[in-house]
Amino acid sequence: MTDTTQSRTTASTLARLLDSDIAWNFRHSWTARISSVLILILFAAALFAPMLATQNPYDISQLLLLDSELPPAWVEGGDPRYLLGTDEQARDVYSSILYGLRLSLIVGFASVALAAVVGISLGLLGGFVGGMVDGAIMRVADILLSFPAILVALLVNGIARGVLPPDRHADAAIWVLILAIGLTNWVQYARTVRGSTMVERQKEYVQAARINGVSGMGIMMNHILPNVLGPVLVIATINLGMAVLTEATLSFLGVGMPATQPSLGTLIRIGNEYLFSGIWWVVIFPSVVLVALVLAVNLLGDWLRDALNPKLR
Amino acid sequence: MALLSVENLTVAFPGRRGSVNAIEDVSLSISPGEILGMVGESGAGKSMTGAAIIGLIEPPGRIVKGGILLEGQRIDTLRPEEMRRIRGRRIGAIFQDPLTSLNPVLTVGEQLIETIQTHLRLSKAEARERAIDWLRRVGIPAPEARIDTYPHQYSGGMRQRVVIALALCAEPRLVIADEPTTALDVSVQAQIIALLRKLARETGVAVILVTHDMGVIAETADRVAVMYAGRIVEVGPVAEVLTAPRHPYTRGLMASIPRIGARPDVLPQIEGAMPRPDARPGGCAFAPRCPHRMDICGHTRPDLNGGATLSVACHLTEEVPA
Amino acid sequence: MRDPILTVSGLKKSFDLSQPFVTRLMKGGERRYVHAVDGVDFSIERGTTLSLVGESGCGKSTVAKLLMGLTRPTGGSIRFDGHELAGIRAGQPSVVRRRMQMIFQDPYASLNPRWRVARIIGEPMKSFATHPDPVARRKEVDRLLEFVGLSAADGEKFPHEFSGGQRQRISIARAISTKPEFLVCDEPTSALDVSVQAQILNLMRELQKELGLTYLFISHDLAVVNYISDQIGVMYLGRLVELASAERIFSTPQHPYTRLLLETVPDITMAHRDMDRPAGEVPNPITPPPGCHFNPRCPLVNDRCRAEAPAFRVHGDAQVRCHAVQEGRSDPKKLRKVG
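Residue numbers (this note's numbering), protein chains in the order written: chain C, 1 to 313; chain L, 1 to 322; chain H, 1 to 339.
Some clues are possibly wrong.
Simulated crosslink set (DSS-like; lysine-lysine; CA at most 25 Å straight-line) [said to hold, decoys possible]:
| hint | chain 1 | residue 1 | chain 2 | residue 2 |
| --- | --- | --- | --- | --- |
| 1 | H | Lys126 | H | Lys157 |
| 2 | H | Lys12 | C | Lys203 |
| 3 | H | Lys179 | H | Lys209 |
| 4 | H | Lys27 | H | Lys12 |
| 5 | C | Lys203 | H | Lys139 |
| 6 | H | Lys209 | H | Lys157 |
| 7 | C | Lys203 | H | Lys209 |
| 8 | H | Lys139 | H | Lys126 |
| 9 | H | Lys209 | H | Lys139 |
The set of hints was computed from the structure by calculation and includes no laboratory data. Note that the coordinates shown come from a computational prediction; the quantities given were computed from them, not determined experimentally.
Okay, chain C solo, but in the shape it has when bound (with noise of 0.2 Å):
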């Protein structure tokens, strides 16, 4: 194909795009469009956070201690150059908020693809395949079901604690913590694409394409995977969610990131040993950005199920 086509086809892609249900459904959505403009601005707080912060709170040798505790800075006793307060090690709130935003969407976003790689893959497999293969997975999928996620994830974490070396173990906490998340959540990946993927199986474009002489490689790849990977987006979004309050509750419980590298939910958990000596501000701003996080991704993830619904429409 020529240039001159292929743009065309690009430019062609994206008028349809433009112009589809669910670009006008998103125009006409106040929930849609607040919650992308909240979660736009969360990102991108989390993507520049070496700009946007005032110091690097990993690093000891920018910590003056002699500004510890100190309130935000509109509250008597505030200093400007805090702008949300400090915490006992005179960490700045905003930067470590900005920070810890940034490792909390990359657990969410990395555990997120690794449990919609591994369910698609075994979704996929087990709804074309049918017969021992799918059964074999589905038989994990209810094992793994029959516990709580927490639960699932404190394994894997207690496991890999284990086996690597206690200094590795600051290091070695992100991936961890994906592993641990991403293993708990594929299920739900593999549920809806074997399902999706046993009525598409019956359908006579694949049956077509059997006729032709399409490998089953070919047929799943190039067929099927395309035709269901419309509901995976919706559990996707709604799963960035719970991967992130789930990396916050590890963290929370002590399992998580450390606290030389704290993530939302090791300042929750941080801030919330010094609530009682009234310092609040430690945990309440970290807290904050966690739940206006978690709610725009699940209004937008509502939103969007809503929308490639047409029955709902």
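Dock chains L and H against chain C, hints included.
Only chains L and H this time, still in chain C's reference frame:
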């Protein structure tokens, strides 16, 4: 006086590119005991007309023009709960799929008795008698025994007979039958058609029979209304419309149906396809496919007019009075 | 027959409907099978059309799937131009499979909604490597689009941008892209509106003439079958009950079931016949009646019909599976009186 008359009915669906008319200016009337066939391609508006009459237009669609009169009473402006009382009691409905029209967890008898008691002042025992009687009338063998069985214990054809009994047991004056034979096999279809005719004759109920199958219309209906792109293009007695159609669409349609006993080399065909509701041309909607297209057809929409029995919406028949 | 391209003999397919083994062991159920296709024989001469008609559950669509290798036969043989196909599955790009293609019933489900039309039509040419070069393939796709009455620019569009009739044209273009000799058409017009049906039927006849195609046409609509076929096979509960030329079937139907079918077709020329007679319905295929499957609905039934399944025998210039016809007790006049 007509039992039901529909006048200039227009149903619109607001969409993202403005409002789209599913049906436009549909007028028709039906007398007691008459079977009126509504025929057309998918999307022509025949089912929408039926749904409008029983007050079951899916939102956001709504009637934006015209009205529906049942025995002289305006029914399109009634509140939902008033319309619910009319449905079943005065207008019955038979749908395409007998399986989804019946409640699978109730016995056939329970469903019939409930419907009878909702609309008629009868005791439980009397209602049961009535229900058995109806099952017998629609041709269910051994109705005394079968009344206490569940819908899944019936075959497809028997199930559709039960649906017909359910639609008629409250003794409505009008029944809307939307593709009642489409889901059935040919040999069963013939039985259901004959049953509908027999019941219309016996009970004096009027039937609006919505179908895409000209054969079913020919076998069943007294009059037929042919719909195209949301409008009635021709309406008249079945024998006349089917043997000597006036509208070019009806003519093309009748010619394109393969017939037993004739094996032409090429079937006469209408070129192109019916426009979607949001892309109907100005003027006559059939003009782009019409072999007799004139200049006027491109910009002026023909009205439905004609004699006492037969009406056609076409500029051709306007100029040459039939 | 002079030059049959396809010969099917003793073709059988049964599906296992039994409960899982453990459930059977505990509740004591028996193994249950449904014989969807129960010994079917026919052959099709090159360049002609054989139609299979019958009501739902008669097995006609299963025959189509068996021929295309979408499901494996339980028994019997399928010979295509001298090659035995009963063991070859679909999906093996063998030379023989390229020569057989299929057109499906539902124009909305038979085209991948996420693919552009050019890719859909090009897929068989790519996978059977008849046009491995993308540029040459695209050229061929454009030619095919115009051949079936669409335009080359339509290749860039998605299926949802087309009407049902246009989609069926796309489906036909895909089917003829590998230059097949034999097409299985499974109710190709039953999802279409009447005015569009004529377009597709005419296109199919034109293609047959121009490309010398052989058709196996599956339908429940006798009028359509009458227009398109040379030979007609009538199926009932997995068995062929009558096989004859189209003229013969419509002028002098022999099997009581064929007669019932012909009588009950709603016809625009025969208004207001009264047909509310107890003609019954197709029984559950899991538990078909013993003997001749049609015996509970047959006006000519006797004890032999209830006990012994009739054989598929040549009778005149037709093949019929009926004791009454073979014994000469199927007087048409008497039949009508009973009906």
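Against the structure, the hints come out as follows:
no., hint, in the structure
1, H:Lys126 with H:Lys157, "19 Å, holds"
2, H:Lys12 with C:Lys203, "24 Å, holds"
3, H:Lys179 with H:Lys209, "14 Å, holds"
4, H:Lys27 with H:Lys12, "30 Å, violated"
5, C:Lys203 with H:Lys139, "28 Å, violated"
6, H:Lys209 with H:Lys157, "29 Å, violated"
7, C:Lys203 with H:Lys209, "30 Å, violated"
8, H:Lys139 with H:Lys126, "13 Å, holds"
9, H:Lys209 with H:Lys139, "24 Å, holds"
Figure legend: structure checked against the earlier numbered hints; hints not met, in rising order: 4, 5, 6, 7.
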